[in-house]
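First to last, the protein sequences are chains A and B.
Just so you know, we're using the working numbering here: the first sequence kicks off at 1 and counts up by one.
Just so you know, we're using the working numbering here: the second sequence kicks off at 1 and counts up by one.
Just so you know, these hints were derived from the structure itself, not from any lab.
Even glycine gets a Cβ: it sits at the ideal position worked out from N, Cα and C.
Any given hint could be a false lead.
[As the list claims (entries may be wrong)] Derived DEER-like restraints, expressed as beta-carbon distance ranges: (1) G78(B) / S160(A): 25 to 35 angstroms; (2) V160(B) / V18(A): 29 to 39 angstroms; (3) V160(B) / G37(A): 57 to 67 angstroms; (4) T172(B) / V251(A): 51 to 61 angstroms; (5) Q132(A) / I311(B): 35 to 45 angstroms; (6) Y313(B) / W236(A): 37 to 47 angstroms; (7) S136(A) / A285(B): 40 to 50 angstroms; (8) V11(B) / V237(A): 50 to 60 angstroms; (9) A285(B) / V251(A): 31 to 41 angstroms.
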Amino acid sequence: MSFAARFFSRPATLFGFVVFAAIVTIALAAPLLFAHGPMAIVGMPLRPPGPGLLAGSDVIGRDMAVGLAYGARISLLVGVASTCCAVGIGVLLGAVAGYYGGLVDDLLMQITEFFQIIPAFMLAMVLVAFLQPSLSSTVIGITLITWPQVARVVRGQFLSLRSREFVEAARVLGMSDARIIFTQVLPNALPPIVVISSMMVGNAILTESALSFLGLGDPDLLSWGTMIGSSRVAMWVAWWTTVLPGVCIMVTVLAVNFIGDGLNDALNPRRGC
Amino acid sequence: MKLRYIGLRLVKTLLVTVVVVLLSFFLIHAVPGDAATVMAGQAGYADETYMKNLRAEYGLDQPLPVQLWAYVGRVAHGDLGTSFVRREKVLSIIMERLPNTLLLDAFALLAAAAGGITLGAMAARRPGSAGDSAVTTLAMLFYAVPQFWLGMMMVLVFAVWLNWLPPFGIETMGADYTGLARIADVAQHIILPGVTLALYFLAFYARLTRTAMIEVATLDFVKTARAKGISERQVQRRHVLRNALIPLVTYAGLQASILVGGSVLVENVFSWPGIGTLAYQAVQARDNPLLLGIFIVSSVLVCLFNLVTDIAYSLVDPRVELSS
Chain A
1 MSFAARFFSR PATLFGFVVF AAIVTIALAA PLLFAHGPMA IVGMPLRPPG
51 PGLLAGSDVI GRDMAVGLAY GARISLLVGV ASTCCAVGIG VLLGAVAGYY
101 GGLVDDLLMQ ITEFFQIIPA FMLAMVLVAF LQPSLSSTVI GITLITWPQV
151 ARVVRGQFLS LRSREFVEAA RVLGMSDARI IFTQVLPNAL PPIVVISSMM
201 VGNAILTESA LSFLGLGDPD LLSWGTMIGS SRVAMWVAWW TTVLPGVCIM
251 VTVLAVNFIG DGLNDALNPR RGC
Chain B
1 MKLRYIGLRL VKTLLVTVVV VLLSFFLIHA VPGDAATVMA GQAGYADETY
51 MKNLRAEYGL DQPLPVQLWA YVGRVAHGDL GTSFVRREKV LSIIMERLPN
101 TLLLDAFALL AAAAGGITLG AMAARRPGSA GDSAVTTLAM LFYAVPQFWL
151 GMMMVLVFAV WLNWLPPFGI ETMGADYTGL ARIADVAQHI ILPGVTLALY
201 FLAFYARLTR TAMIEVATLD FVKTARAKGI SERQVQRRHV LRNALIPLVT
251 YAGLQASILV GGSVLVENVF SWPGIGTLAY QAVQARDNPL LLGIFIVSSV
301 LVCLFNLVTD IAYSLVDPRV ELSS
């Protein structure tokens, strides 16, 4: 079976892919779909969902539907950007540690263990609070607490691949270490990296929403977590203000996780479901 | 041998603590402006001499290494500084709230372990059955749900719509219950936040138990047990489940850090008066010493919890040796 056939063979993966594509489309098309921006006040506060206001209005009279569509942009942006940063750092350090071993390896393992032990979310919280809440500090915070996971996986892969024959052969051919790492070992180490990255996107979206919920989101942007946090006072009278953004987060993370599971199965056919 | 292992773990715990303190110091100095500017901002008053006196008073005019040494010394003596906002010692504020957080976390972990192991064992009995896929689906859902939102939905359903349980706080305000009545009151209040916090771990334990039980069930000693004619129930309980629980203990330490993060959020949703709500208040008020104090104390606690589970594990399982 081809990769694509294996990937789409599970209904859950297909579902995840379709939903994710829809969310990306809505996020990209948000300015075309709505006349107002997410911050614009369009009418009375706390109006229930109905004609004209698809998802109702929030505590200060903003259109929830517009907020939800624009919120997708933030979630996806933070999810993808922080994962890219974490994978970049993790691959680089993990590769060096796994390939060379020795002192570098010991040091890196101590660092990753450190990040596993300390309360990671608390660290992200402290960091974002100290850097002042903004989109970039959120990405920095999430990157800081997630890169060690990637480094660990990459290091394990490199450790098992570095003494394989094709690597020895490349060395005999006189390739430089950098070239061996990036053109010989890394391509062979990719499958688990792809799988862990896809899982990290979902977790990053959850962390972003949690930070925003605590008031540590970018004050100029309306993310799903911010929407939930700012509607807490209205939860008792206007369920849609908190229920809908939460459903958006859950559906997005589920879709991403389904894609991750699908990638996992497609890339490791031996392990099966 | 065991003593050396324990000693090594102790040294490691100490090292992690030192790094956390260094990190905190680094964070304090990464922020634009220093404590003096913050205090002057709060006083609403700042001329050159006033700032200079403030800096001299708090040692902020010293070179960084000197300040670092002083900071480490203070933390080592349990002095985490003074809250900007509440004008009290950070450590005493935290200690006042800490028992509430520990109560909530312990309740959540125990509930999750009990529920998760039961569900996982049930799912493993018949892999692929409807019950098995229900457990797997539930686990998938709980991994994707933001914990704080799940808590709000619990409030909406069980407190607002059904009116079964109290939505906020640790006890009924103004009721002043004592003795058993108070315990019953707190027990009622802990259910919603405790279950919210537990659900994520419940899903994790269920999956872990399920996988481990299916794996252990194929091992030789299980076949031997069956061949001896022991009842299936006994085989599952005494041979499969007991051995499948080992990975659960291994992961217990690693989960402490996730638990702390989760309880920050859940405490806030339910206004549970623990260090999680305190952290939120510190963020809102820009009370940096308090926020860092909470970070340091919770890191130390997580480290200690790891240390205890590691040692307990090494004592229980003779196969754990000095390898790490």
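For the range 57 to 67 angstroms, tell me whether the beta carbons of V160(B) and G37(A) fit it or not.
-> Cβ of V160(B) to Cβ of G37(A): about 32 angstroms, so the range 57 to 67 angstroms is violated.
Is the hinted range of 31 to 41 angstroms satisfied by the C-beta distance from A285(B) to V251(A)?
-> For V251(A) against A285(B), whose Cβ atoms are near 35 angstroms apart, the range 31 to 41 angstroms holds.
Can the suggested window of 35 to 45 angstroms be confirmed for the beta-carbon pair Q132(A) and I311(B)?
-> 41 angstroms, holds
Is the gap between the beta carbons of S136(A) and A285(B) within 40 to 50 angstroms?
-> Given range 40 to 50 angstroms: violated, Cβ gap about 24 angstroms.
Return holds or violated for the Cβ distance of Y313(B) and W236(A) against the range 37 to 47 angstroms.
-> Roughly 46 angstroms apart at Cβ, these two residues keep to the hinted range, so it holds.
Taking the CB of V11(B) and the CB of V237(A), does the distance hold inside 50 to 60 angstroms?
-> 56 angstroms, holds
Determine whether the Cβ-Cβ distance between G78(B) and S160(A) falls within the hinted range of 25 to 35 angstroms.
-> Given a distance of about 46 angstroms, which is not inside 25 to 35 angstroms, the answer is violated.
Regarding V160(B) and V18(A), is the given constraint of 29 to 39 angstroms on their beta-carbon distance met?
-> 34 angstroms Cβ-Cβ, so the 29 to 39 angstroms window holds.
May I ask you to test the hint 51 to 61 angstroms on the CB atoms belonging to T172(B) and V251(A)?
-> 37 angstroms, violated
Hints 1, 3, 4 and 7 from the earlier list are contradicted by this structure; the remaining hints agree with it.
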